[in-house]
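Note that the protein sequences, when read in sequence, are chains L and Z. Quick note: the first sequence uses the working numbering, first residue 1, plus one each step. Quick note: the second sequence uses the working numbering, first residue 1001, plus one each step.
The set of hints was computed from the structure by calculation and includes no laboratory data. Computed from a predicted structure; not experimentally measured. Check before you lean on any hint, since a few could be wrong.
Unchecked claim - Derived DEER-like restraints, expressed as beta-carbon distance ranges:
| no. | chain 1 | residue 1 | chain 2 | residue 2 | range |
| --- | --- | --- | --- | --- | --- |
| 1 | L | V33 | Z | A1029 | 18 to 26 Å |
| 2 | Z | L1108 | L | A39 | 17 to 25 Å |
| 3 | L | V106 | Z | A1095 | 51 to 59 Å |
| 4 | L | R12 | Z | V1115 | 45 to 53 Å |
| 5 | Z | S1024 | L | Y113 | 22 to 30 Å |
Note that CB positions come from ideal geometry on N, CA and C, so glycine has one too.
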Amino acid sequence: MSTKEVVVGDRRSPLKIARGLGSSHSGAHHWWVQRVTAAALVGLGIWFVILVLSLLGADFEAARARVAQPWNALLMVAFLVAMFWHAALGLQVVIEDYVHTRWKEVVALVAVYFLAFLGAFAAVLAVLRIALTP
Amino acid sequence: MAPTPRPTSPNIQIYRWQVQMVSSILHRATGIALAVGTLVVVCGLLKLAGGEDGFNGFRALLGTPVGMLLMLGWSWALFYHLCNGIRHLVQDGGAGYKIPQFVRSSWLSVIGSVVLTVIVWVYVLAAGGAA
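The whole structure should be built from the sequences, with the hints applied where relevant.
As structure tokens, this is what we get:
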């Protein structure tokens, strides 16, 4: 941030301005990660839909074999990580917007992130088991 | 602990209906719905990893009328969030901010998501249903 942007009456300390992290304390990090995961999910989401459609007529063994293929397993893990990350970031914004009692907000945020990590770990472990068990 | 006092804006029933606010509300609503839908993805993968009986049970559940209806809803939510998400990424790049462009891209997201949903479900039904 250049000094030109410091308007008259700015009450931030010079250090605060230099850090440029604002009231979120993390700058635009949340915003960026939401966009990067969104961009990833454009491709991975379309891939996921095509994969699911390709499994329509498949029985258990065929479905498992298809997900176990190296490229499919890799893209599935990428899809799951991007999906849960993007979902947690999105739900975080919804909670911050609508839950105005601080302790409820914190509880909801922690619950969302716990669930997102659990879901992501469970799903990735399932993919690993499918891909690595003969 | 008391609610934190915040400046409040008039609620949505005050405003005249326009497609831009529908596209915005739908983006958030479909996002929440898809977050719930992630649990179905996890469930499917766990069943696929777990064994044939569990997986066939999961698949039978999706094939019931209620299951199919939920999948129809989630597929539309996915396509809407995808189309409107691309629209938002374009807008984040600074393009499409004139009001007529804004209205047109809103309609494009809504119509595009319905078209994609129809295409996928025509394919699903032609392939003999979800189960």
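inquiry  = Need the list of violated hint numbers for this structure, in ascending order.
reply    = 3
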